[in-house]
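Which chain is which? The protein sequence lines are A and B, in order. Counting along the first sequence from 1, when you hit position 198 you're at 198 in the UniProt record's numbering, and nothing is skipped either side. Counting along the second sequence from 1, when you hit position 56 you're at 56 in the UniProt record's numbering, and nothing is skipped either side.
Keep in mind that the hints are not guaranteed to be accurate.
[To be verified] Each pair of labels, with its calculated beta carbon distance range: (1) Thr-108(A) <-> Asp-96(B): 56 to 66 Å; (2) Glu-314(A) <-> Thr-173(B): 36 to 46 Å; (3) Gln-125(B) <-> Arg-266(A): 21 to 31 Å; (4) Asp-244(B) <-> Glu-297(A): 22 to 32 Å.
Bear in mind the hints are in silico, worked out from the structure with no lab data behind them. Source: prediction; values computed, not measured. Ideal Cβ positions, reconstructed from N, Cα and C, are used throughout, including at glycine.
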Amino acid sequence: MSGGAAGTAKALPSSGPKSLREMPHPLATSSSEEMGPALTPSPDLLLPRSIADKDLSLPNGTPVDTSSPASSSSLLNRLQLDDDLDGETRDLFVTVDDPKKHVCTMETYITYRVTTKTTRAEFDLPEYSVRRRYQDFDWLRNKLEESQPTHLIPPLPEKFVVKGVVDRFSEEFVETRRKALDKFLKRITDHPVLSFNEHFNVFLTAKDLNAYKKQGMALLSKMGESVKYVTGGYKLRSRPLEFAAIGEYLDTFSLKLGTIDRIAQRIIKEQLEYLVELREYGPVYSTWGGLEVELAEPLEGVSACIGNCCTALEELSEDMSEDFLPVLREYILYSESMKNVLKKRDQVQAEYEAKLEAVALKKEERPKVPTDVEKCQDRVECFNADLKADMERWQNNKRQDFRQLLMGMADKNIQYYEKVCGTAISLAGIQVVCFSLRWC
Amino acid sequence: MEDCLSKKIEITVSEAEKRTGRNAMNMQETYTAYLIETRAVESQNEGQCSPVDSLWRRYSEFELLRNYLLVTYPHIVVPPLPEKRADFVWHKLSADNMDPDFVERRRIGLENFLLRVASHPVLCQDNIFYSFLTQEGGWKEMVNETGFQLKADSRLKALNATFRVKNPDKRFTELKHYSDELQSVISHLLRVRARVADRLYGVYKVHGNYGRVFSEWSAIEKEMGDGLQSAGHHMDVYAASIDDILEEEEHYADQLKEYLFYAEALRAVCRKHELMQYDLEMAAQDLTSKKQQCEELATGTVRTFSLKGMTSKLFGQETPEQREAKIKVLEEQIQEGEEQLKSKNLEGRDFVKSAWADIERFKEQKNHDLKEALISYAVMQISMCKKGIQVWTNAKECFSKM
Numbered sequence: 001m002s003g004g005a006a007g008t009a010k011a012l013p014s015s016g017p018k019s020l021r022e023m024p025h026p027l028a029t030s031s032s033e034e035m036g037p038a039l040t041p042s043p044d045l046l047l048p049r050s051i052a053d054k055d056l057s058l059p060n061g062t063p064v065d066t067s068s069p070a071s072s073s074s075l076l077n078r079l080q081l082d083d084d085l086d087g088e089t090r091d092l093f094v095t096v097d098d099p100k101k102h103v104c105t106m107e108t109y110i111t112y113r114v115t116t117k118t119t120r121a122e123f124d125l126p127e128y129s130v131r132r133r134y135q136d137f138d139w140l141r142n143k144l145e146e147s148q149p150t151h152l153i154p155p156l157p158e159k160f161v162v163k164g165v166v167d168r169f170s171e172e173f174v175e176t177r178r179k180a181l182d183k184f185l186k187r188i189t190d191h192p193v194l195s196f197n198e199h200f201n202v203f204l205t206a207k208d209l210n211a212y213k214k215q216g217m218a219l220l221s222k223m224g225e226s227v228k229y230v231t232g233g234y235k236l237r238s239r240p241l242e243f244a245a246i247g248e249y250l251d252t253f254s255l256k257l258g259t260i261d262r263i264a265q266r267i268i269k270e271q272l273e274y275l276v277e278l279r280e281y282g283p284v285y286s287t288w289g290g291l292e293v294e295l296a297e298p299l300e301g302v303s304a305c306i307g308n309c310c311t312a313l314e315e316l317s318e319d320m321s322e323d324f325l326p327v328l329r330e331y332i333l334y335s336e337s338m339k340n341v342l343k344k345r346d347q348v349q350a351e352y353e354a355k356l357e358a359v360a361l362k363k364e365e366r367p368k369v370p371t372d373v374e375k376c377q378d379r380v381e382c383f384n385a386d387l388k389a390d391m392e393r394w395q396n397n398k399r400q401d402f403r404q405l406l407m408g409m410a411d412k413n414i415q416y417y418e419k420v421c422g423t424a425i426s427l428a429g430i431q432v433v434c435f436s437l438r439w440c
Numbered sequence: 001m002e003d004c005l006s007k008k009i010e011i012t013v014s015e016a017e018k019r020t021g022r023n024a025m026n027m028q029e030t031y032t033a034y035l036i037e038t039r040a041v042e043s044q045n046e047g048q049c050s051p052v053d054s055l056w057r058r059y060s061e062f063e064l065l066r067n068y069l070l071v072t073y074p075h076i077v078v079p080p081l082p083e084k085r086a087d088f089v090w091h092k093l094s095a096d097n098m099d100p101d102f103v104e105r106r107r108i109g110l111e112n113f114l115l116r117v118a119s120h121p122v123l124c125q126d127n128i129f130y131s132f133l134t135q136e137g138g139w140k141e142m143v144n145e146t147g148f149q150l151k152a153d154s155r156l157k158a159l160n161a162t163f164r165v166k167n168p169d170k171r172f173t174e175l176k177h178y179s180d181e182l183q184s185v186i187s188h189l190l191r192v193r194a195r196v197a198d199r200l201y202g203v204y205k206v207h208g209n210y211g212r213v214f215s216e217w218s219a220i221e222k223e224m225g226d227g228l229q230s231a232g233h234h235m236d237v238y239a240a241s242i243d244d245i246l247e248e249e250e251h252y253a254d255q256l257k258e259y260l261f262y263a264e265a266l267r268a269v270c271r272k273h274e275l276m277q278y279d280l281e282m283a284a285q286d287l288t289s290k291k292q293q294c295e296e297l298a299t300g301t302v303r304t305f306s307l308k309g310m311t312s313k314l315f316g317q318e319t320p321e322q323r324e325a326k327i328k329v330l331e332e333q334i335q336e337g338e339e340q341l342k343s344k345n346l347e348g349r350d351f352v353k354s355a356w357a358d359i360e361r362f363k364e365q366k367n368h369d370l371k372e373a374l375i376s377y378a379v380m381q382i383s384m385c386k387k388g389i390q391v392w393t394n395a396k397e398c399f400s401k402m
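Generate coordinates for the entire structure from the input sequences, incorporating the hints supplied.
Shown next, in the form of structure tokens:
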């Protein structure tokens, strides 16, 4: 975003003496539609001219200043409602891999390698490779939340781990975390606005992130956050239908995911108990085989078959723990942070409505609309636009993610049964040969 | 084998019925009666169906029959009855004797028992057995008239023999150990199997919860809804499939159980051998001591301590006439004893020979049956896996349409 420097945001030019309420909303579509993945953009929207082009205009022809991060980002968002990144147009690739343990005097921690490949002008080099630890990812997420409050920021894997219950340095835990961190960065990479965020850029490129972190703090305190959306103190009378619908959806959604999480955990528990019994069952056949002569081979075969079943079952339970549950939990966290963004939106709208009401009561101010009320309106509009666009994107991604997740779960179960079937078939083979050698 | 009863008549235990009646202590009781049906096996040429004979018997009558066979044919490994009380059950099955599933499995077990006896070359020729199948009234009296209860060896006597026998046939000693270990290992197996069944039941049933939650979730989704809903249905199918799977496994467990009880029958034959051998050893010992006594009396020397010797020393010697009389008695006893010993020896050798023949027959049968059972185990596993693959493949397809 070339217009990153904070200058005074210029006001939207007024269209005349119409009251604000009568001005056409830039994204005017039927207001009572349900929120769903099929949010179609208004046919008036034009596809982008160059992003760097400063002569962007709203569909109704009004020119717009791109220097305000809020308005330009929302515009960009609105202009790119379609799934904008297929293989050919993608120009940024980020991967998280290669976890390494660092042992220092004060602490032990893990770092991950973050590799970036890009053709974007915002990056000085085409390739970067840096090492980051969880703290750094956490910092990035906080910065994104602060600087892009109208957008849905993807979740991070859980920060705190109960020591003694889970081994923070076990291969499984580290791998699960790595996957989640990789997902986190990829989601940001895929986002048309967030991927251009300067903190994200620094995260991917800076050799010494800590120095930047400290500098960032200093800068902030000098300039003050240019976009301060957390107004607080205003109460929204009622959420517009579409956002209320999103809120309700998220409530039910995270509830259902919670139930699925509990069921999956229960299944894993039952499977492990089943495994315990199987581990005792198999060897008894072996013991019996030791007593027999002719039956020794078939009995030993059953024992081996059960042993293979145990191995396959262990793998299934592990896979479910490591691949299935974390993704579920990620989405529950996602829903929580999305609900917070909805609340922030409510705040912004509440502030606008309150100020508008205050203006309406003061008759001297009419017909000129005060700038700060206009700014509020602008904020509301941008927030709503950004949120809607992000919601649609989120719904699409969610659908793909869950399709993949559930198909994966089915796949793992199929593989388990195939393994056991295979071992049972070879057992049957041995048995039948043994039988027919004697009695046929 | 051609003479076997099983080739001549078809035997089935076709029905079970609850009855109430008065027992030996004139108290009201509920019991189950089983219908035994027999039908002569028709040769191919005749092509007519011969009439079915049937009669009702209860479990205690089966027990009576078996006890009779045990006593009358101690050298035979007598087929066992299905268990009296439900043992090795996992939680879903009830341990109640009146439970219809238990009754059904018992019916099958009783039929199996009759078929086993009918196909045994020796047992099938027994009249009492034949009457059991064909004569409703008066059978109990008939059995009791054989006086088999009197011939039965006391448990205490048998235990005593086990501890004190000096030279049992080595093969029987080994067989005894084998049957003990077999009993132990199969018991262990059945206990663990019941726990395994329990756990597997739990795993399958919890999946049923997915059905409900997917359905609820699909209600708030647009494009994902259908896929979720139909996948949920498959989860319900999966959860329900365990009932049939475990029912089949119960049948497998019953096959193993039969051999658990067969191990006891093997043990019984070994015990009989020990008893006979002990008897023989005691008889030989008795004979030896009598001969010695005789010799001492004749020569007047006391080689071993005896109460008789002591008392005669204390209270004076006997008269020559008294001694003569005693010697005569002893000589008669010795002769009897020698004859008895000879016949006991013969009996013993015959027993060992015929018992061992039946044991060999039994071993063949056991190996055959258990190999078949183990094949069926493998087949069951394959079937269960194929069902699982089917369900999850269906679910996967539903998910792919989300």
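A quick look at each hint next to the structure:
1. Thr-108(A) <-> Asp-96(B): 56 to 66 Å: holds (60 Å)
2. Glu-314(A) <-> Thr-173(B): 36 to 46 Å: Because 44 Å falls inside the window, the suggested range holds.
3. Gln-125(B) <-> Arg-266(A): 21 to 31 Å: violated (59 Å)
4. Asp-244(B) <-> Glu-297(A): 22 to 32 Å: holds (30 Å)
This entry does not satisfy hint 3, going by the numbered hints stated previously; all others are met.
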